[in-house]
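Listed below are the residues making up each chain.
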Amino acid sequence: METRSAIGRCRKRIGTGQRWFAGLALMLAALTGAAGCTAVPHHDLTAYRKAFTEAREASMHIINDLGLAWHESAAVLLEGDHDDDDDWQAFDPAKPAQPLTIDEQVLVRHQLWLVTGRYNDALAALAEGRSREQVEGLVNGFLASVRELPFRKLADLAAGAHPLAGVISESLFLIEREVQARQFHRAVEAGGPLVDAILLAMQQEISDHYDLRLVLNTRARRELEAGLQMDLLPSFLDIYESTGAHEDKQPALDAMNDALSETFRYRDDQLLNAMHDDAAAPPSPAERSQLMMIAGEVKSKGEQYAAFREELLSYQQVLKLYYELLDIARYRMALLRQVAAEGGEVPVDDLLLAAIRLHWQFTKYRNARTGR
Amino acid sequence: MKLTEKLTQQIYLDALSELEAVLRSRTASREQKRAALDAMDDLDRRFIRKTTDSLEARTEQFRKFTKAMAEVVAAIENAGSPFAALKRLKKLVNHANDILHNEDA
Numbered sequence: 003m004e005t006r007s008a009i010g011r012c013r014k015r016i017g018t019g020q021r022w023f024a025g026l027a028l029m030l031a032a033l034t035g036a037a038g039c040t041a042v043p044h045h046d047l048t049a050y051r052k053a054f055t056e057a058r059e060a061s062m063h064i065i066n067d068l069g070l071a072w073h074e075s076a077a078v079l080l081e082g083d084h085d086d087d088d089d090w091q092a093f094d095p096a097k098p099a100q101p102l103t104i105d106e107q108v109l110v111r112h113q114l115w116l117v118t119g120r121y122n123d124a125l126a127a128l129a130e131g132r133s134r135e136q137v138e139g140l141v142n143g144f145l146a147s148v149r150e151l152p153f154r155k156l157a158d159l160a161a162g163a164h165p166l167a168g169v170i171s172e173s174l175f176l177i178e179r180e181v182q183a184r185q186f187h188r189a190v191e192a193g194g195p196l197v198d199a200i201l202l203a204m205q206q207e208i209s210d211h212y213d214l215r216l217v218l219n220t221r222a223r224r225e226l227e228a229g230l231q232m233d234l235l236p237s238f239l240d241i242y243e244s245t246g247a248h249e250d251k252q253p254a255l256d257a258m259n260d261a262l263s264e265t266f267r268y269r270d271d272q273l274l275n276a277m278h279d280d281a282a283a284p285p286s287p288a289e290r291s292q293l294m295m296i297a298g299e300v301k302s303k304g305e306q307y308a309a310f311r312e313e314l315l316s317y318q319q320v321l322k323l324y325y326e327l328l329d330i331a332r333y334r335m336a337l338l339r340q341v342a343a344e345g346g347e348v349p350v351d352d353l354l355l356a357a358i359r360l361h362w363q364f365t366k367y368r369n370a371r372t373g374r
Numbered sequence: 002m003k004l005t006e007k008l009t010q011q012i013y014l015d016a017l018s019e020l021e022a023v024l025r026s027r028t029a030s031r032e033q034k035r036a037a038l039d040a041m042d043d044l045d046r047r048f049i050r051k052t053t054d055s056l057e058a059r060t061e062q063f064r065k066f067t068k069a070m071a072e073v074v075a076a077i078e079n080a081g082s083p084f085a086a087l088k089r090l091k092k093l094v095n096h097a098n099d100i101l102h103n104e105d106a
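Going line by line, the protein sequences match chains A and B.
Number 172 in our numbering belongs to position 170 of the first sequence; there are no gaps in the numbering.
Number 57 in our numbering belongs to position 56 of the second sequence; there are no gaps in the numbering.
Careful: at least some of the hints might be erroneous.
[As the list claims (entries may be wrong)] With a straight-line Cα cutoff of 35 Å, these simulated DSBU-like cross-link-like pairs (lysine-lysine) come out:
1. B:34 <-> B:7
2. A:366 <-> B:51
3. A:322 <-> B:7
4. A:303 <-> A:52
Simulated from the structure, these hints should not be mistaken for lab results.
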């Protein structure tokens with residue numbers, strides 16, 4: 003009965019297009035012993051914590067994929083001709099002498115998620131009204147995760163216009179003040195903007211994630227097109243034009259133009275023209291066969307080209323969902339801080355749904371990559 | 002107009018589109034097509050460099066954040082926290098620092 007009323011409340015709040023996902027989330031919530039679909043009572047944030055864990059795990063995929071793209075991009079830079087420009091890039095005194103490796107930079111992002119998760123645990127414990135000892139344990143867990151960050155790599159950066167700088171100094175002041183006043187509850191609350199700033203920065207760098215995949219994807223498609231323009235099409239035209247444009251060659255020409263327009267998306271003015279020559283000799287069976295074979299190869303390459311295109315579109319969807327998930331996570335944590343201070347309820351269904359959607363879309367994207 | 006991330010990406014795509022038109026042209030010579038491919042390759046590398054620079058700068062921001070968080074931890078410790086776990090944590094961190102110093106030496 004209680005479950006039914008919970009479902010009813012849930013349906014009222016979300017659109018019909020989301021019901022399938024809502025149903026799935028409800029099943030998950032029921033299986034994990036969560037209290038309901040839209041809100042949890044002040045004293046039990048189990049469902050919220052599970053939703054946050056799901057969100058964090060889904061985000062791991064995105065960061066790992068960024069690491070892979072980063073490595074692939076670095077390989078592209080290494081392939082290029084080495085010129086003097088590479089040796090004389092703009093000097094930046096604020097940059098550390100020994101920059102982080104790609105893996106270390108990716109690890110920083112993973113660790114920041116860990117910090118965010120631990121902070122969230124401490125915050126949830128406060129919101130649940132847990133005992134001082136329990137809160138202490140979780141606050142220490144949060145601090146320990148901060149300690150695990152790569153301090154050894156820290157460099158004294160010159161004061162600059164970093165977007166995080168203002169947030170950091172303000173939060174730091176508040177946290178120190180509350181700690182000195184023994185107000186650990188408020189200290190955790192004051193740390194919120196720091197974590198929020200991190201999630202926001204992660205959101206802002208999503209365009210860079212996309213740009214790396216965009217270039218790599220474009221290059222993969224171009225390699226196919228270069229083969230087409232520099233090898234396949236010239237071969238086709240050599241045979242086609244060698245004995246004149248007889249109308250018996252039309253089926254091969256049609257097959258070629260179909261492959262170009264349907265898969266490579268060539269415009270009409272980029273297709274091959276049919277200029278029949280009445281005086282031309284009909285093609286031999288071998289010529290006809292060769293022409294059809296090349297057209298078939300172009301079609302095959304074109305299908306790969308189209309698959310790369312689909313893969314990029316799929317990645318766009320992944321990043322849109324990741325952006326949305328970070329938005330919801332930020333909003334939910336802000337709400338949780340409010341609940342920790344004033345009591346109330348924390349809706350969890352949207353965070354869980356965002357995590358499920360991201361998981362699902364990433365699986366589709368990964369399958370598109372491995373399937374090609 | 003400010004050179005935003007989005008605008009930079011659009012400029013890259015527009016430039017590629019123009020070069021792709023040369024590559025697909027029925028009238029362009031083999032040499033012209035080869036030059037277009039080389040130019041696209043060069044554009045790719047510049048765009049990748051711009052993007053990885055941006056990601057590295059973001060890492061710097063994150064590192065600045067981690068430094069601030071280290072100060073937060075230190076502030077909590079300096080406030081004489083009664084939490085026993087914090088004291089144990091400090092001991093662990095000191096031990097880790099010793100190891101790191103020895104490694105650097």
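Cross-check of the supplied hints:
1. B:34 <-> B:7: holds (28 Å)
2. A:366 <-> B:51: holds (29 Å)
3. A:322 <-> B:7: holds (15 Å)
4. A:303 <-> A:52: violated (45 Å)
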